[in-house]
Amino acid sequence: MAASSTTITSAGPSRPARSFFQRLRGGDEAAYLITFAAAASILLVTALLVFELYTNSALSRAKFGWSFFVTQTWDPVAGQYGALPFIYGTLVTSALALLIGVPLGVGAAIFLAELAPRAISDGLTFLIELLAAVPSVIYGLLGVFVLIPILRTLEPAIRAVLGWTPLFRGAFYGVSLFSAGVVLAVMIIPFIISISREVILAVPGDQREAALALGATRWESTWDVVVPYARKGIAGSIFLALARALGETMAVTMVIGNDPKIKASLLAPGYSIAAVIANEFTEATGQLYTSALIELGLVLFALTIVINAVARLLVAGTGDRNA
Amino acid sequence: MTRRILMAALAFALAAGAASAQNVLINGAGATFPYPMYSKWFDEYHKKFPTLQFNYQSIGSGGGIQQVTQGTVDFGASDGPMNDMQLKEYQAKHGSAILHFPTVMGADVPAYKIAGVSQALNFTPEALAGIFLGKITKWNDPELMKANPGVKLPANDIIVVHRSDGSGTTYVWVDYLSKVSKEWESKVGRGTSVNWPVGLGGKGNEGVSGQLEQTPNSIGYIELIYAVQNKITYGKVKNASGAFVEASLASVTAAAAGAASDMPDDFRVSITNAPGKDAYPISSFTWLLIPEKIADATKKKAIKDFLTWMLADGQNMTEPLAYARLPKAVVVKEQKAIAKIQ
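The listed protein sequences derive, respectively, from chains A and B. Residue numbering for the first sequence follows our numbering, beginning at 1 and increasing consecutively. Residue numbering for the second sequence follows our numbering, beginning at 1 and increasing consecutively.
Bound-form chain B, shown alone:
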């Protein structure tokens, strides 16, 4: 009796094993910012190829880099490119490189709440750096008045709100500030969490915008998508060409196009403060981290096919979800790079 049950269980296990051998499951983990986009893509792709399933855990960029380095997932995802030390660590562990593939773009916008001011304010790089360094402390500072003629700015103290959780959104913001302010670069620098000179911390975009909503005379930064979806007014930022640009899907794509001309072959590039008169200066790519060598032939083919699809049909799905699509030049370059996966 017991033996028969054992045999049945064994047969069942074998059958299940055989069934799962046909289904390919590809695991990934990483950034939270592109998660809605990725889950849409993976879902659509699964509908197209029912035996193929992508499983993506949005555990954060740092976790994505860590897991792909340890080899516990098939691919990673990150809002910031891996640094040279992390690349070396990967190389040492796997004997091969890891490749970066930009997928979509996002942007950070300055949001604020000032009594009596409802229009979009203009921010110069000097003003933003000054405010976040704690050097510009009043809303009627000459730097702000000069950029916003005709707006009646109050003589109140500026209250700065930043993210308290480690985040790619923070990375993009401080990367921009580091580029436009030497003082920021030397005093604070770049990172997913930094030692803020001033301000209060809010958890997540919702924490920051909630804090802004409740605190008079406050300013903070939030993701463009979050601002658009929640109809939060945000300011324009002066770009490298001297024009005040409002963040939009088009102006973010323009920033990537501006940076595309000197895009390195490994795609590890920051597009903050990008050249081009339509470029929104606080934009960024988000990346998939794909191992250069994938041992499993079925997985390799699935990942390569997915990347090809993502760069073609996938890009058409970005705008309804408020992500900015990749510019043509970057797509062409990435299509060539897919061949590097072996």
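Looking at chain A on its own, in the form it has when it is part of the complex:
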């Protein structure tokens, strides 16, 4: 066997297969095993998570069934639990965050990658990446002490412009779905900018040169060639941002008002799934209560998967048409 290591391993069919340990020494096998274990562990953790959420929510699932999704009451005293107000709050705040965050984030990424001078781009990018590392409780504090007072002064103006829609009616207490959406937008913008910029920078230079050679202006080459080329990566950054917005807990609970009622107005307080779990889990007494909170976790998990799947399908769909 020692001889085989000196010969060139052309892997002829007649050659005896190398022993496991020999292959291990070669490095390839070790790398394969280690990276496989790493990948498998992620799957395992996810599977375990779903399993735990599913089994521990059995009591609540058995008692409420599908009505859990359409019931608006959340009454721990009476043992009545419904997820609808929380699902509503989670979806509305995340949608608002994307509505505000995507144009700003993608716009900033295009500027930093394509249009800004190198020095400015690098400096700003460094700052933006710092923003992505700020703990969410800090964003919550920022929301409470800076954003809400600003929104309070802006409220009459917002009402004057958009007051005719049912979305901006009713009393404004500062804490609201709207405030939560804005705070989330601020939180996800660094993710969108940081990843989108990398993706746009990675677009091969000859794409731009080809566009310019055909007589396109700089903006035309950026908007019609570079951005579509980077489309999948930009969409990826938005998915990541959305996942963060859906699951964000601390910052949301500080500014959303924590009131499980469904109101059409964005100025009204609301509640989100992650926030109610964080708020009530530690003091939840009784098995049904705990079980209902765990089922909310399962709902959030499912919601994230469904939204991501739909978004990915949409992106794939538009890709075919553009191509």
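The hints are simulated quantities; they were obtained by calculation from the structure and are not laboratory data. Only a predicted model underlies this, so the values are computations on that prediction, with no experimental measurement involved. Any given hint could be a false lead.
Claimed, not checked - Listed next, the in silico SDA-like pairs over lysine to any residue satisfying Cα-Cα at most 25 angstroms (straight line):
| id | chain 1 | residue 1 | chain 2 | residue 2 |
| --- | --- | --- | --- | --- |
| 1 | A | K63 | B | Q86 |
| 2 | B | K88 | A | A62 |
| 3 | A | K261 | B | Q86 |
| 4 | B | K88 | A | G79 |
| 5 | B | K138 | A | A211 |
| 6 | B | K113 | A | L147 |
| 7 | A | K232 | A | K263 |
| 8 | A | K261 | B | N156 |
| 9 | B | K138 | A | T282 |
| 10 | B | K40 | A | E155 |
| 11 | B | K113 | A | E155 |
| 12 | B | K113 | A | L151 |
| 13 | B | K138 | A | F168 |
| 14 | B | K88 | A | Q287 |
| 15 | B | K88 | B | F244 |
| 16 | B | K187 | A | L147 |
| 17 | A | K263 | B | I136 |
| 18 | B | K138 | B | H46 |
| 19 | B | K146 | B | P275 |
| 20 | B | K301 | B | H46 |
Put chain B on the given structure of chain A with help from the hints.
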């Protein structure tokens, strides 16, 4: 070579085991409200008996009840007494009972922010229940005007702020409202989290007081200790004897003394709306949950000794930390109850 290392490791493990056999570690978990008091007590007690160590995790009352029931900790702690169903569950699991020992007391106070009003307002039980039910919606409601002659209350809407996290503080507040208002009891009831008819939720005492600070014409409830430490003005509440009483350590102790006369043997008692003209009506005990049967003799002795010490020297440490001490009658009753631990 390998064998020698193994032997050394084994010897080390044995030595460590022997050392830890002398040190007794007693684990507990539960309520967050008395945590500063308990950590002070456990620290002082550890200084007195260095081989004895109490480890307390402030994971919340619900968690404390759950863990002691599952037997993962030596004792639990809770801001609300265990209910009959929980007691039965414990009995079924362990074949013996669990005992409640009141340790200190706390209170909830109504705090508010109204432009132009800086003095302590008077609140009747009807006013508080009405506001939190969403029936009294303006600050110049006759119920509030009547209790506060001479105060110029604005005609603005009242904004209610409550706790969003499950909390013993909430339990005490809604327990009080349930006692003074039939409508509250039937519509909302008691719990660490409830289905609030009106209002915004703030996380923790700091969340509620922050919300009050920022929202004009708001009212909420916070823990007395938090209000005292942060110099927040709070209102007086009319007690069962008809007097408007300001929450203080003395008036909270008075509430417990008022309730002591008909204290049940298991100490599971609510002292909200207690009789006595000095009693502050929104007060509560916080409890240690100690198993009646403790198998480990050293742990049993340590816990019994600690309880004895807590009821004597321990009570003298309460006031600097702004907790109200137990009244004499309750202390005497608890001292007798320690003998039940076997």
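Each hint tested on the structure:
no.	hint	verdict
1	A/K63 to B/Q86	holds, 21 angstroms
2	B/K88 to A/A62	holds, 24 angstroms
3	A/K261 to B/Q86	violated, 31 angstroms
4	B/K88 to A/G79	holds, 19 angstroms
5	B/K138 to A/A211	violated, 66 angstroms
6	B/K113 to A/L147	holds, 21 angstroms
7	A/K232 to A/K263	violated, 35 angstroms
8	A/K261 to B/N156	holds, 23 angstroms
9	B/K138 to A/T282	violated, 35 angstroms
10	B/K40 to A/E155	violated, 47 angstroms
11	B/K113 to A/E155	holds, 21 angstroms
12	B/K113 to A/L151	holds, 20 angstroms
13	B/K138 to A/F168	holds, 23 angstroms
14	B/K88 to A/Q287	holds, 14 angstroms
15	B/K88 to B/F244	violated, 40 angstroms
16	B/K187 to A/L147	violated, 36 angstroms
17	A/K263 to B/I136	holds, 22 angstroms
18	B/K138 to B/H46	violated, 53 angstroms
19	B/K146 to B/P275	holds, 23 angstroms
20	B/K301 to B/H46	holds, 15 angstroms
Of the numbered hints listed earlier, those contradicted by the structure are 3, 5, 7, 9, 10, 15, 16 and 18.
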